[in-house]
Amino acid sequence: MTTKETKLPIVNGAGFYEIRMESIGGLGANLAGKILAEAGVLNMGFNGSNFSSYGSEKKGSPVKAFIRFCSSDMEVRENSPVTEPHLLALFHENLSKTIPVTQGVGPDGIVVINTSKSPDEARDFLKLHAGTVYCINALKIAIAEKTRINTAILGTICRASGFLDPDAIKDMITKNLGKKYASLIAPNLKTFDRGYNEGVSKKFKPDNKYPYIPFTRDGQKIGYFNQPMGGVIPSGGNSIFKDISASREGWIPVLDISKCTNCGECDITCPDYSFVWEDGIDPKKGKPARILKRIVYEHCKGCLRCVEICKFEALTSHKEFETDKTILEKGFTDGSKK
Amino acid sequence: MKIETLKEEKILNKEAIKQTVDFKSGNEMAALAAAQINYHIMGYYPITPSTEVAENLDEMSANGEHEMVLIPGDGEHGAAGVCYGATTAGGRVFNATSAQGLLYAMEQLPVQSGTRYPMVLDVVCRTVSGPLNIRGDHSDIMMALNIGWVIILAKDPQAVYDMNIIALKIAEHDEIRLPVIVAYDGFFTSHQKRRIRYFSDKKVVQDFIGEFKIQNCSVDVDNPITIGPYMNDPDLINNKKQQSMAMEASYKIIPQIYKEYAELSGRRYSMVESYMTDDAEAVLFILNSAADTARIVVDKLRIKGKKVGLVYPTVIRPFPAKEIAAALKNAKAVLVADRQDSYGGWGGNMTIEVKAALKDDPQNRSIVISRIYGLGGKDFYEEDAEAMFELALDAAKKGKVDVPYDYMGTTPGDPNFKFEKVRGPITNKESSLGIIKVTRDEKTGKLDVKGVKHAELTAMPHRITPGHGACPGCGIFPSIGTFLKGIEGHVVMLWHTGCGMVVTTGYPYSSFNITYIHNLFQNGAATLSGVVEMYKERQRRGEIPKEQDITFVMVTGDGGLDIGLGPALGTAFRNHNMIILEYDNEGYMNTGHQLSFTTPLGHATSTSNVGTVGVGKKFHHKDSAQLFAACHIPYVFTAVESQYRDLIRKAAKAQWYAKNEGLVFGKLFSSCPLNWRHPDNIAQSVVQAAVECNFFPLYEVEHGITTINYDPEEKGKKVNVTEWLKLMGKTKHLLKPEFKGVVAEFEEEVERRWKRLKAMHENPLL
Ligand SMILES: Cc1ncc(C[n+]2csc(CCOP(=O)(O)OP(=O)(O)O)c2C)c(N)n1
Ligand code: SF4
Ligand code: SF4
Ligand code: SF4
Ligand SMILES: [Mg+2]
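As they're listed, the protein sequences go chains A and B. Counting in the working numbering, the first sequence runs from 965 upward without gaps. Counting in the working numbering, the second sequence runs from 310 upward without gaps.
Hints listed in this document are in silico derivations from the structure and should not be mistaken for laboratory results. All figures in this text were calculated on a predicted structure; none of them were measured in a lab. There could be a bad hint or two in this list.
[Said to hold, decoys possible] What follows is a set of in silico ranges between Cβ atoms, one per label pair, in the way DEER data are often shown:
id, chain 1, residue 1, chain 2, residue 2, range
1, A, 1207, B, 741, 28 to 36 Å
2, B, 730, A, 1283, 35 to 43 Å
3, B, 416, A, 1196, 46 to 54 Å
4, A, 1283, B, 927, 53 to 61 Å
5, B, 718, A, 1036, 31 to 39 Å
6, A, 1196, B, 928, 50 to 58 Å
7, A, 1275, B, 856, 42 to 50 Å
8, A, 1082, B, 715, 46 to 54 Å
9, A, 1084, B, 720, 33 to 41 Å
10, B, 715, A, 1104, 52 to 60 Å
11, B, 715, A, 1108, 54 to 62 Å
12, A, 1088, B, 718, 47 to 55 Å
By construction, the Cβ of each residue, glycine as well, lies at the ideal position given by its N, Cα and C atoms.
All chains should be modelled from the sequences, with the hints used to inform the complete structure.
Below, the structure is given as structure tokens:
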């Protein structure tokens, strides 16, 4: 299909309208980027390009996807990441805790964020200098429609962009699902529509509340003067300092120590070594024993293996945003809070 | 998709030639060209960023879109061997690789060119290890300058398609008959989608290339020939002279083929592309995707009145020296930007070759500046190109260059930065809990293990720390972590390349509280044997206290025991005092789930797709435990995290055997929720189901005597294989009626292996 000729509402000095998606592996940002770019290039008659940031990303690790659009008669020669996006899409709000996701977003920028927060709350959460914020609770929509959040976010992006044609994108969603997943087409189109219609927006002018965060390549602490020879890491075990909680997709285990028998099985199954044990006294037998104290949530990826294995219901699964903050801080409950 | 007809162009066939407009990446275009050519054979081995080429071809094959036979090598060396053999047998052959893969295959590549069998190899350029880096630079392709292959370059996805078609025509030309490499930039080109055009009808491509002319065929029974004789000094130099003549011929023929292709496609290429060079004072010489970025900057600087130009070749073997010299004729200064270094050569390879090319033109007075940039896939922004032009302009103005050779884009670092110490070393005392006791029964010679108390063992310090980047629910860490609970005292580990290694050591972080070594997964076992023997010898010489003890553990994935099987078996034959642990997740997960030799029959992977004709993996799984048992090492075992007491018990035994007798091999069945496609939380049930259906029996082989440790039949737990298969997305298709035959064949093999194991369990002589 080719839809009506459309013009890009705004382009940068190089002639591009640029989109950056910030996500974690597994949420479908790469696919969303591909669909969006295909819709623009094959259905709307722009020229363009699309790629993602690659490391050795696993599920749960940060990823970025980039889309560029330009007029049909222009050649694309850019190969570097998008540094000053016209539109930024955040698939997972917690990413902003560890990554400067808003780099390069100026007052004319649009930020689409998957969140249950209001635009004002989201702006404060992101410490966004200025720009138009579109909030969409993509997780809620995806759960309701039994689809994935990426399609809902695509809907909001389409709306927020002001120039992308929803039919062009819906056509590409349909083509990408193809015959293989034909049964998923209808719920995905509905998800897209809901994303399109349910996004809530607000424009923020530069009001000196938060500074503009420019894109920068500086600030690397380890360089050729001080990198230990041969790439050796002299202090092993330092990954323990990392906060990897953004890998979680919404669920967490909660440890109720009042029910825990210190059986030790959760410690065996946890891939992220998130359980803390100490020497103590077994309350039943009154003898010295190893006692489970808490979960370190900075390291927990929310796989819920431990919940599955605990025979005593001392570990149960909960929606993270509904969980009492003190539990997240302490790493356990004594049964009085959930 | 849009269909366009090129009417203006002169066309080979009389009718208008249709081209389809689409939006695809470099790897997709490489696969598309190969599929349209319909090569007979592709021998390959997965390596990022080239893997997608084979994956795409496999997916197309599963849906009957071409007839190519895809053969997974045991490694790139094996894949290159498959390709070599296939080319001798009279058909068209294709391969794609990158970085370590190119280097590992390299020993075969001069054989391919020296015996004159044409084929096409796509090199998707990536940084050569070590330290390991998967992103794009040119350190791999520049290693291939001397292997006797024609090397052509493709700067964007469109060129990848075009050059793949052109390459085969060059390779098979009567006067050339040489293998050809098509090199394009990893990620920048391989993974970037762009608007492209391709011939709607593959016949256009096939007609352009023409019929394959068989020469020197190894399967022609009417004409027996000797391929690859032993050739000493009077003759070898003449064989090489012929090779050089073929290369010279290609230098003349490539422009003709480019021209023919332009007439067909409307897309023109020259051996050397130059942009705005006629009056340019400062010229940048740079390869592939970065050249495109630099071209934008030429336009920008020209607007400002700066006389800059750009030169980039599309062929580097044969090196178009004359054309380059001509393009640089008027340049006062030339900056050659190399995305690799020829350490100690005062420039990357292109610097050296451009200088040599200019020397042949006595008139040339250009100053040559060399800059190394973009290593390890460091992004190349317009500002970087601009800085290069400014350097060249400055040299042109001054008539000299201050720093002729240097790196660009490096960082000195913050002088105040120091690696923060996490903790002191794990002491022997701290990690010798004395909870588990291993004793040897003098009569039976068997080991007895007591005290496997897993809750008490939570006191064992973590040799691997949290904060690693594995997917939620990954089985590697419970498997290896639980094993380590059974190992007391000092531990030194070596990990093969694979998910486990990549997610634990992303610089500047490491998840190892103990000393850890990575070596490439062809060679880890040999490497650790070297460590073990040096340790022992230094102890013998009194350089290390004799009473000190280290347990040496090597960790490999199942894939690492495909490509690294040879050195691992060598290690077994030599019986070093160490432990080899294989975590078997049935595939090459780190590269995105390609089949490994342990992938079971019928399982879907990205190189064993299910489709209209694809039925998943086509051959049975490798049994590595039995392979090592056949090496007659002291101790072999299998284990799973879901039977953790058994696993810890085996760890304790492994430590005893490694210390007292020699090599231990242990195979751990380890879930990969991402690629097996099951919910993260049920990982243990999935691996346990594999045990209950006898697919993954738990047993040990001690001094050649086999003991089954858990017999699902005896325990009344035996289930059908489908009970396991139904838990995973990668095997869901096997539950459909049309796959009944595949499942029956798989089940039969599982049963056969189980019965054989039972017989061994019952008879100590087996
Ligand atoms: C010579 C060479 N070929 C290919 C690769 C790419 N490669 C890295 S890890 C890997 C797969 C490893 O599979 P496995 O050992 O099963 O470990 P897993 O990733 O499944 O954990 C491959 C193919 C490489 N690094 N070097
Ligand atoms: S599995 Fe449950 S009961 Fe056992 S130690 Fe963990 S939380 Fe406690
Ligand atoms: S959900 Fe449980 S098992 Fe999974 S990482 Fe968190 S604590 Fe560990
Ligand atoms: S891809 Fe699989 S094996 Fe690799 S880290 Fe993820 S879950 Fe683990
Ligand atoms: Mg594997």
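Results for each hint:
Checked against the given bound of 28 to 36 Å, the beta carbons of residue 1207 of chain A and residue 741 of chain B, roughly 33 Å apart, stay inside it. Restraint check, residue 730 of chain B to residue 1283 of chain A: a C-beta distance of roughly 38 Å satisfies the suggested window 35 to 43 Å. Range check, residue 416 of chain B to residue 1196 of chain A: Cβ separation about 30 Å, and the 46 to 54 Å hint is violated. For residue 1283 of chain A paired with residue 927 of chain B, a C-beta distance near 44 Å fails the hint of 53 to 61 Å.
At roughly 34 Å, the beta carbons of residue 718 of chain B and residue 1036 of chain A sit within the given window of 31 to 39 Å. Hint check: residue 1196 of chain A to residue 928 of chain B, Cβ distance near 41 Å, so the stated range 50 to 58 Å is violated. At about 43 Å, the beta-carbon gap between residue 1275 of chain A and residue 856 of chain B stays in the expected band of 42 to 50 Å. Restraint check, residue 1082 of chain A to residue 715 of chain B: a C-beta distance of roughly 52 Å satisfies the suggested window 46 to 54 Å.
Evaluation of the 33 to 41 Å hint for residue 1084 of chain A and residue 720 of chain B yields a pass: the beta carbon distance comes to about 39 Å. In this structure the hint that residue 715 of chain B and residue 1104 of chain A lie 52 to 60 Å apart at CB holds, the actual value being about 54 Å. Range check, residue 715 of chain B to residue 1108 of chain A: about 58 Å between beta-carbon atoms, so the 54 to 62 Å window is met. The hinted window of 47 to 55 Å between residue 1088 of chain A and residue 718 of chain B is violated, with their beta carbons roughly 36 Å apart.
Hint compliance for this structure: hints 3, 4, 6 and 12 are broken, all remaining hints hold.
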